[in-house]
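Here the protein sequences line up with chains G and Z, keeping their order.
Heads up: take any position in the first sequence, counting from 1, add 39, and you land on my numbering.
Heads up: take any position in the second sequence, counting from 1, add 1059, and you land on my numbering.
Calculated directly from the structure, the hints in this document are not laboratory data.
Owing to the predicted nature of the structure, the values given are computational and were not obtained by experimental measurement.
Treat the hints with care, as some may be off.
[What the hints assert, rightly or not] Output of the computed footprint for chain G on chain Z, the stretches with three or more beta carbons under 8 Å from beta carbons of chain G:
#1 1152-1159
#2 1164-1171
#3 1272-1283
#4 1298-1311
[As the list claims (entries may be wrong)] In silico lysine to any residue, SDA-like type, Cα no more than 25 Å apart, as pairs:
#5 G:Lys300 <-> Z:Asp1095
#6 Z:Lys1207 <-> Z:Pro1240
#7 G:Lys300 <-> Z:Trp1147
#8 G:Lys272 <-> G:Ser252
Even for Gly, the Cβ is constructed at its ideal location relative to N, Cα and C.
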Amino acid sequence: MSARAASVPAFDWGRVDAMLRRHWYLVRGSWPRIVDLVYWPVVQMLVWGFLTQFMATNSSWIANAFGVLLAGMLLWDACMRSQLSLAICFLEEIWSRNLGHLFVSPLRPAEWIAALMIVSGLRAVVGAGSAMLLCIPLYAYSIFDMGLPFIAFFLALTMTGWAIGLAVSGFVMRQGMGAENVVWGATFLIAPVSCVYYPVETLPGWLQWVAWSIPSTPVFEGMRGVIVDGVFKPELLAAATALNAVYLALGAWYFLASCRKARERGQILQTGE
Amino acid sequence: MPARSADRNAVAAEVATPVVVVEGLAKHFGAVRAVDGVDFSVHAHEVVGLLGGNGAGKTTTIAMLLGLLIPTAGRITVLGHDMRGDRWPALARMNFSSPYVDLPQRLTVRENLRVYAGLYGVPDAARRIADLAAELQVAEFLDRRAGKLSAGQKTRVALAKALLNAPDVLFLDEPTASLDPDTADWVRSRLVDYQRRSGAAILLASHNMGEVERLCGRVLMMREGRIVDQGSPQALIEKYGRATLEQVFLDIARRGARAA
Chain G
40 MSARAASVPA FDWGRVDAML RRHWYLVRGS WPRIVDLVYW PVVQMLVWGF
90 LTQFMATNSS WIANAFGVLL AGMLLWDACM RSQLSLAICF LEEIWSRNLG
140 HLFVSPLRPA EWIAALMIVS GLRAVVGAGS AMLLCIPLYA YSIFDMGLPF
190 IAFFLALTMT GWAIGLAVSG FVMRQGMGAE NVVWGATFLI APVSCVYYPV
240 ETLPGWLQWV AWSIPSTPVF EGMRGVIVDG VFKPELLAAA TALNAVYLAL
290 GAWYFLASCR KARERGQILQ TGE
Chain Z
1060 MPARSADRNA VAAEVATPVV VVEGLAKHFG AVRAVDGVDF SVHAHEVVGL
1110 LGGNGAGKTT TIAMLLGLLI PTAGRITVLG HDMRGDRWPA LARMNFSSPY
1160 VDLPQRLTVR ENLRVYAGLY GVPDAARRIA DLAAELQVAE FLDRRAGKLS
1210 AGQKTRVALA KALLNAPDVL FLDEPTASLD PDTADWVRSR LVDYQRRSGA
1260 AILLASHNMG EVERLCGRVL MMREGRIVDQ GSPQALIEKY GRATLEQVFL
1310 DIARRGARAA
């Protein structure tokens, strides 16, 4: 029997890299998955782009704020892509009955979460980024004109997507595949109060409190500030970052608690309906 | 020859120290006592069989040993590490194979093995995969998707994954289930070969009595979540006055059914 050292690093980027490879191998060998990466962002962009273009020629207010709707849609999609990608990467392990192998390997939960976030971040960049780039030739509109604030907004919304993705993945882990549908619609739950296409003041007073407690709301307020008023408000980004930190911690905690609960109930080997 | 004497002493010390220690292990699902107070140990260089009818608690026991299932009570120590609070160092030095768990079907065999080599921190992964592929005769389909393999090929790949990190403790749940006799015999030969070369401890759950007789030096007989008897296959055959281990198994299983 070998006399190997018993010490195993608490966090090893080699194991994170192994999980990144797992998803890279999956995507590169499956054209439907590659198409899926860009399909919905592009379809959404087309629908909203043409709608916005039509309205821009028919309404003086919207004509002045052409980019607001399109930028809102594009950034909202980044959030949704990030959430969906994280949850789908998790579901891939259930669909392939691979969870048991992962749980028995030295892969630590923090490494798994890191790999899920990196893969979903990359998928959000590819998916939402494709739609953003296509806007330039189609509508002569570049969201990148926002400059550095755009990167901050994109990152903040990606983090929001991670938090929701971790929470819904944990939910599926607890409830089994019967709860899979939650994955597809989870982010839409916060869409009305995220104020993607309208200012927070549009909401009733009590609902504004709810809206300000969600990290995506200050991001979209900040986005409108940049596009409409040409002003970047760092306090909004700071609020979004602080809220994201709280929500990410909660999402990760719930995911880890669900992993433990699944190990208590014996669900790791029975992750079906 | 002092060096050889030192080697013998080292092996003797290894054999004397159990690598798997299970004390008072229990798992209850509500009123169902799937495992109900199990104690045993497994030493290095030892192959131990876990036998019992369906629902006897074999898979539940192995799942707890692997850390896939948190026990209701009891303690598991693998390679000196408590599996409740300190399982990571042990996980790096153990591995398993089970028909209830698959490798990602859309990844090729090579991609799957590379991913798991990364997760287990296997040095020089490409070489290790090539060596295992040659040894376990999977080289010809290394670049085929795992989902496109036959049952026999899948078993060989599962074994390659289980041996990737040269585990000191190997858990096998029905390693030859659904294999034809020739392939099953080949898998057993590879397991015996690995165990002799590495001195690894192997805990094996199986319904195949011939397999257990061939591989295992000791057998734990489970019924209704408890270990009801144990010993070498030959000792159990003699104790029950039977001709084969299968007859012993039937004796124990039917005794339980009558008692119920």
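Could you tell me which of the hints above the structure violates, numbers in ascending order? Going through the list in order, the structure violates hints 3 and 4 and respects the others.
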